[in-house]
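> Starting from the known structure of chain F, fit chain G onto it as the hints suggest.
Read top to bottom, the protein sequences are chains F and G. Residues in the first sequence are numbered from 381 upward in steps of one, following the working numbering. Residues in the second sequence are numbered from 381 upward in steps of one, following the working numbering.
Incorrect hints may appear among the rest.
When chains are identical, the list treats them as one kind, so a pair holds in a single copy or across two.
With a cut-off of at most 25 Å between alpha-carbon atoms, the simulated SDA-like pairs for lysine to any residue come out as follows [claimed, not checked]: (1) Lys675 x Asp590; (2) Lys520 x Tyr479; (3) Lys512 x Ser397; (4) Lys667 x Ile390.
Source of the hints: derived by calculation from the structure; they are not laboratory data. The model shown is predicted, which means the values in this text are computed figures rather than measured ones.
Protein chains: 2
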Amino acid sequence: MYSQDIIDGIVEKALRSQSFDREPQNLYRPVGYMLGLGGKHLRPRLCVTTYNLFNDRIDDRIIFPALALETFHQFTLIHDDIMDNSPTRRGQPTVYALYGTNNAILSGDAMNILAYQYLAGAPSHLVGDALKLFNEISLKVCEGQQLDMDFEDQAVITMDEYMEMIALKTGVLISGAVKMGALLAEIPCDTVDALARYGMQAGLGFQIADDYLDTFGDEKIFGKPIGGDIVNNKKTWLLVECQRRASESEKKKLADLLKLDESHREEKIEGVRNLYISLGVREGADKAIMACYAKALEALDEARLSPEGRERMVILADQMLHREK
Amino acid sequence: MYSQDIIDGIVEKALRSQSFDREPQNLYRPVGYMLGLGGKHLRPRLCVTTYNLFNDRIDDRIIFPALALETFHQFTLIHDDIMDNSPTRRGQPTVYALYGTNNAILSGDAMNILAYQYLAGAPSHLVGDALKLFNEISLKVCEGQQLDMDFEDQAVITMDEYMEMIALKTGVLISGAVKMGALLAEIPCDTVDALARYGMQAGLGFQIADDYLDTFGDEKIFGKPIGGDIVNNKKTWLLVECQRRASESEKKKLADLLKLDESHREEKIEGVRNLYISLGVREGADKAIMACYAKALEALDEARLSPEGRERMVILADQMLHREK
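The shape of chain F in the complex, shown without the other chains (with noise of 0.2 Å):
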């Protein structure tokens, strides 16, 4: 097993590598910006480190499929800037804000497509249940931003439903990340399916805590300004929550400070997050987070690792949930 910081070295070098200077410029353009936009290329460092818990041979039969399921994650996020109207990204703008929405559109395709052709490097005995698998996983994100967007039109909606919508929107990657390395990996069908389910609570608390951090993080930290959820009425984990535990007086409170528009911002995000506060909304979701935590590691002790292996996963565990950005 080599160590984590040889493992993000793989995965990062192979990123640099990947060149789209190719004609016609304006479809490719776009698509060499968006990854080089950077990130945390949590979804390929997941992919490799889950294999190299079975296999110290990581070569490109490992490295084309986790490069696959980056290059799919920011295509999503091209096409969901477009749809949530959002103009900047990791402080830079976003690829319609620079090159148009019909490109965007357009190079996000080709990037849906580059995924695909990264998927084709798993070798040739695994390439069908790779396939599958991505299928599985990508139309499930699809379907989870649809719920997002469905969302959008309905005043309140329920913990099972925001927890769905995450589930699929976020989970289903981070999960079919560790997924596909051990799938790749050919490990045993129980052992897939444990690893599988650590990287859905995984994904779940990673999303929690993205929720946590847009109201209460750090915004040197974070990178982004802070209470951006609350300015849009974005339905988090901590609205979901606040409106469910809100009494009728304060649900009317709430929904008079979600009405103040972009004039009223500093005064909108104090409201809401005192109200968060007040109802413990923020320290509910603190213990999800924990709770998230600890089921991922129950279902790694149902992959009976290595001492070293689990030791592993814990950590990358740590660093998505007990994060500060």
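Structure of chain G alone, referenced to chain F:
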């Protein structure tokens, strides 16, 4: 070998039996709507027919890859219609016009993935090759659409540029449908390549015929208003050839006609049509289609099919190139 009617019936039945009555409905309803709009279903018919030249056992292992081609094609139409601002298709509202742009983007993405799900139905020992072929086709179609958009900003393009664009945007997928059928029939490479060349020439001729019918077709048979390409200044075979043939004064006349707006619709169509006729562009298009037809038949000879097989493919080329709609 089955009759073309039987093959067409198999394809139609397979397409009709796909249900998209699933959750989330906002994601899948537009998919069902788009596939329900009908069409020639040329690509799956070509795929299954080519396969049937060599193999009489038509089952899901060829039908699903054929559905993949149609589903991919229809997905590109959904996104193209957004990019081209086209409110109607086959006399019905386009997906984005009916369901909104965001839903059309996301449902299109889902359809692209659904296409890969169908493709995964290929026999397991061939799925890797089928995936590589499908990726290559799909990416080139995106490149063709990008060139088409790039050309919108250029006053004049060369005939070589036009031919490259339609080879990518139309030829590759029609050729790819034939190639997919041949690949899955596991025939020798040189036969696959000859059939692919047949498909490319048929695809090029098909597109030029499409351009021709948009200007010189019979509205009642063609099924949409004649002259749309002229009104929208679309870079068609006719326009590119006209610009190539025109004298300086005719170029000036053409440029003036192209500047006419929607309020001079009929005047614009009539003026450009007359220029096409007087410069021999109309006849030139006929000859160009015949040249594609001849090259398609030449490629067929190199495929060394049985007389019945050859006859079948000649009839399909006839349908594609000598059509009135």
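> Does each hint fit the structure? Answer for all of them.
Okay, the hints, checked on the actual structure:
When the C-alpha separation of Lys675 and Asp590 is checked against a cutoff of 25 Å, the pair qualifies only within one copy, where the shortest distance is 18 Å, while the shortest distance between copies is 59 Å. In this homomeric assembly, Lys520 and Tyr479 come within 25 Å of each other (Cα to Cα) only across copies, at 20 Å, whereas the closest approach inside a single copy is 28 Å. Taking CA atoms no more than 25 Å apart as the test, Lys512 paired with Ser397 passes between copies only; the shortest distance there is 21 Å, against 27 Å inside one copy. For the identical chains of this complex, Lys667 and Ile390 are neighbours neither inside a copy (35 Å) nor across copies (56 Å), given an alpha-carbon limit of 25 Å.
Violation of the numbered hints given earlier is confined to hint 4; every other hint is satisfied by the structure.
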